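A.B. asks: Start from chain A and add chain C according to the hints.
Chain residues, written in single-letter form:
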Amino acid sequence: MLLARKPRLSWGATLTVLAFGLIVALPMVSQVWAHKVNVFAWIEGDTVFVEGYFPGGKKSQDSLVEVFNPAGTKLLQGRTNEKGEFSFKIPERTDLKIVLTASMGHKNDFTVSAGDVGEVRASPSSPAQSLAESVKDASSHPADLSQLEGMINRALDRKLAPVMKLIRDTRKDGPSITEIIGGIGYIFGLFGLVMYFKSRKTGTRRKAQDGEHKAH
Amino acid sequence: MHISEGVLSAPVLVTGAVLTAAGVAVGLKKMDYEKIPQVAVLTSAFFVASLIRVPVGPSAVHLVLNGLLGLVLGWAAFPAILVGLALQGLIFQFGGLTTLGVNTFNIAAPAILCYYLFARGIAHKNSSVAMALAFACGFFAILLSSLLVALCLIFTGESFLQAAKVLVLAHLPVMVLEGVVVAFCLAFLMKVKPEILGATHAAG
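Top to bottom, those sequences are chains A and C. Okay, so the first sequence: first residue is 1 according to this note's numbering, each after it adds one. Okay, so the second sequence: first residue is 1 according to this note's numbering, each after it adds one.
There could be a bad hint or two in this list.
Said to hold, decoys possible - Taking lysine-lysine pairs in the DSSO-like style, the calculated list, with each CA pair at most 30 Å apart, reads: (1) C:165 <-> A:58; (2) C:165 <-> A:198; (3) A:201 <-> C:193; (4) A:201 <-> C:165.
Hints in this document: simulated from the structure, not taken from any laboratory. Note that the structure is predicted; figures quoted are calculated from it, not measured.
Extracted from the complex, chain A is given alone in its bound form (with noise of 0.2 Å):
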């Protein structure tokens, strides 16, 4: 009866401990966040943005920040400010990789493709020479042209950046509810399959005592 009885009180106490767990957890789950950095960056004219922030939307501040090119060399490098914020100039018109190390071991890296529309921007006199050929016919002269396509970008920019930001907010998201429970419940049965190959161990050392018993 007691030996019954055991297991049962500690299931009780544990489960005890659980529900306390997930009454202090459960309302901040809107507002998590925790230890990880992300990195963004997006481009804006000639110039790149790069912006840092912890999960549930907290700066990195005076973070550094790296700039490599694929080749793997260093192009520049700074600090981001106390929005967690850095932005610098396109250097090289390839793909930029962006590594941001924030103190206590965070970091992480972002990569933003600097190529098509550093080209356009770093030289207006050439914009675009696919537009500028197929609109020849049209007898337009290229300096119309090269005001249309900056026309064109700003007018980009501006329509664009609801939506970058709109990309920026959703990746601060935390972990979601669905996520949390998972892990959870991927714990649970992490756990019971150990329980259940322990109890098959024990189970059948205990038959074979029985055994040994109704020998002697």
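C.D. replies: Chain C only, in chain A's frame:
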């Protein structure tokens, strides 16, 4: 407490992984059948605790609960923390798989130390002394973890004193909070289910 991938060099990672493997082996050996549900529940608590944020300065810190895990689980805290960290890495992308060994050791080793330092005192002395010891247990576990992380960061070029200063200062609120959480849990467990603490000593 989660060191990201690509920060540490291979020797540090390998050392951490080897030490963690040893700790987990001992933990699994000492974890008997009756204790597995407890380990599972505390692993879940550890897994979720990292989502409880403590806003500090320019960075982000969170509850760790390693003091509580050490106190209740003893050596079984090693496998518990390994599983918790692995899932945090896979699901939340905290830390990383290559740094799993180092991170587990940094969090679990102080848990075991606190278990040896405080578990006996908490079970036997009167309740106010036990409360103080429980607070110290939660507090020291985080302090030691911060120092271990700082130790790992030496090899990345950061000076120990500087890294330790940043880490300890950032985790000061967490230390206090964890102390309170451990004391609260202990008071609760002693009233409701005292055998959960007593059982640890028999097993450990």
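A.B. asks: Would you pick out the hints that fail for this structure and give their numbers low to high?
C.D. replies: Failing hints, ascending: 2 and 4.
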